[in-house]
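**Student:** Sequence:
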Amino acid sequence: MNKTRVLLAFLISFSGLSYAQEFDPAFSAGRMDSISVPVPGKTAVEPATDEKASVKKLTIMVFMNAKNNLEMAGLYNMNRMETTGSTKDMNILVEMGRMNGQAEGDTDLDGNWTGVRRYYVKKDSDPEKIKSQVVFEQAEYDMGDYKQAVEFVKWTKEKYPAKKYVLILWDHGTGWLDPQQKSSEDKGISFDDETGNYIRTKQIGRILKDAGRVDILAFDACLMQMTEVLTEVKDYTSVVVGSEETIPGTGYPYDLIVGALARNPDLSAEEIGAVMVEAFKMFYEKMKRSAILSAVRSSKIDGLNKLAADFAKLAMEAKDLEALKKARTDTMRFDIL
739 MNKTRVLLAF LISFSGLSYA QEFDPAFSAG RMDSISVPVP GKTAVEPATD EKASVKKLTI
799 MVFMNAKNNL EMAGLYNMNR METTGSTKDM NILVEMGRMN GQAEGDTDLD GNWTGVRRYY
859 VKKDSDPEKI KSQVVFEQAE YDMGDYKQAV EFVKWTKEKY PAKKYVLILW DHGTGWLDPQ
919 QKSSEDKGIS FDDETGNYIR TKQIGRILKD AGRVDILAFD ACLMQMTEVL TEVKDYTSVV
979 VGSEETIPGT GYPYDLIVGA LARNPDLSAE EIGAVMVEAF KMFYEKMKRS AILSAVRSSK
1039 IDGLNKLAAD FAKLAMEAKD LEALKKARTD TMRFDIL
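Those letters in the sequence shown? Residues 739 to 1075, per my numbering, in order.
Certain hints may be false.
List of simulated lysine-lysine pairs, BS3-like, C-alpha gap at most 30 Å [claimed, not checked]: (1) K795 - K860; (2) K860 - K895; (3) K867 - K1064; (4) K892 - K940; (5) K867 - K940; (6) K885 - K1038; (7) K869 - K795; (8) K1026 - K947; (9) K1051 - K1026; (10) K1051 - K1038; (11) K1038 - K892; (12) K867 - K826; (13) K897 - K869; (14) K947 - K1038; (15) K860 - K940; (16) K1026 - K1057; (17) K940 - K826; (18) K1038 - K869; (19) K794 - K897; (20) K885 - K901; (21) K869 - K885; (22) K795 - K1038; (23) K1051 - K895; (24) K1019 - K1057; (25) K794 - K901; (26) K867 - K1038; (27) K1024 - K1057; (28) K947 - K795; (29) K867 - K795; (30) K901 - K826; (31) K794 - K947.
DEER-style ranges, computed between Cβ atoms [claimed, not checked]: (32) M1025 - D948: 33 to 39 Å; (33) L1059 - G839: 47 to 53 Å; (34) G853 - K1064: 29 to 35 Å; (35) G853 - T1067: 20 to 26 Å; (36) Q871 - D1068: 53 to 59 Å; (37) K1051 - K897: 20 to 26 Å.
The set of hints was computed from the structure by calculation and includes no laboratory data.
Even for Gly, the Cβ is constructed at its ideal location relative to N, Cα and C.
Based on the provided sequences and hints, a complete structural model is requested.
**Tutor:** Put into structure tokens, the structure is as follows:
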């Protein structure tokens, strides 16, 4: 059998693989009718002062770098989290950064402060104001420094411990760019327009290595669900949620996600990932917008990397451009919901 036939055989077997087939958590789409925004007063519980140090079922951490043109989106997302807020079983902590010279009109939502604030997110029914408790504040802060994310995660774990942790990295994302381009170093997440710094792809893994494992790592940012990114974090989390395409500026539907998790704080990591993806799908279908999100098992990344390496080796040895073009054309793609 010549190299071209070997390559075609490999391509057929490779395109037939579906890790999604075995990702079938109990909390499936059929049960997502309960994901609607909670009725006020039914779900959220005001945490008592002494609850801060108690071990809850779930802690959600959002590292929200709004020190750029996404400032208004950050304020909006924060307000959507307040539709449910923290509960007796769930903590929600947000570290938000802001700077001068960005969004106009934001003073109506949360004043015109700059620097960084950490919020313990509480429920409130005012869609025009952010009323959550500020638990930390600092005037100067580089949110493009991965060490700041490490410090936030460590701080949260110490003060708001839980059985499971979700970490959401929120901002612009660039994933993995063409290594042939001079701008290839500009790949990563959390671009701080005030300092000019950002978190490099390799540093995302350092965040989890230094701050400790989380159950779910999610990217509310464009272009981050790539094997190059997943390879950096695979040893430090069970599930990664993100998009290989761009994400609309409105980002995740935090009211739907937080509301569902407040009602179901005992969900496994895979079930939480399924909730996030299904809520995202429902939200953007209702808005009639194209959007992509997926949840990936970290334990599968090594196997995927081996297949990719085997494929690349065969492709280079075969030197059959037409076979590669045909394989690309015939491969299933996921461009829209």
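**Student:** The hint says 47 to 53 Å between L1059 and G839; measuring C-beta to C-beta, is that right?
**Tutor:** holds (49 Å)
**Student:** Just to be careful, I want the Cα atoms of K901 and K826 compared with a cutoff of 30 Å; is the pair within it?
**Tutor:** holds (13 Å)
**Student:** Hint check: K1024 vs K1057, CA-CA at most 30 Å. Holds or violated?
**Tutor:** The given pair, whose Cα atoms are some 46 Å apart, is violated under the 30 Å limit.
**Student:** Within 29 to 35 Å: is that where the Cβ-Cβ distance between G853 and K1064 falls?
**Tutor:** violated (55 Å)
**Student:** Is the hinted pair K869 and K885 satisfied, with a Cα-Cα distance of at most 30 Å?
**Tutor:** holds (28 Å)
**Student:** Would the pair K1019 and K1057 pass a check requiring their Cα atoms to be no farther apart than 30 Å?
**Tutor:** With Cα atoms ~40 Å apart, K1019 and K1057 exceed 30 Å; violated.
**Student:** Do the alpha carbons of K947 and K1038 lie within 30 Å of each other, as the hint requires?
**Tutor:** Between K947 and K1038 the Cα gap is close to 19 Å, so the pair holds against 30 Å.
**Student:** Given the hint that K1051 pairs with K1026, test it: the Cα-Cα distance must not exceed 30 Å.
**Tutor:** Roughly 41 Å between the alpha carbons, so the hint for K1051 and K1026 is violated.
**Student:** What's the verdict on K867 and K1038, does the C-alpha distance respect the 30 Å limit or exceed it?
**Tutor:** violated (42 Å)
**Student:** Would you check the hint for K1051 and K1038, treating anything up to 30 Å between C-alpha atoms as holding?
**Tutor:** holds (20 Å)
**Student:** Compare the distance between the alpha carbons of K897 and K869 with 30 Å, and conclude whether the hinted pair is satisfied.
**Tutor:** holds (21 Å)
**Student:** Take the C-beta atom of Q871 and the C-beta atom of D1068, compute their distance, and say whether it sits inside 53 to 59 Å.
**Tutor:** Since the Cβ atoms of Q871 and D1068 sit about 54 Å apart, the hinted range of 53 to 59 Å holds.
When each numbered hint is compared with the structure, violations occur for hints 3, 5, 8, 9, 15, 16, 17, 18, 23, 24, 26, 27, 34, 35 and 37.
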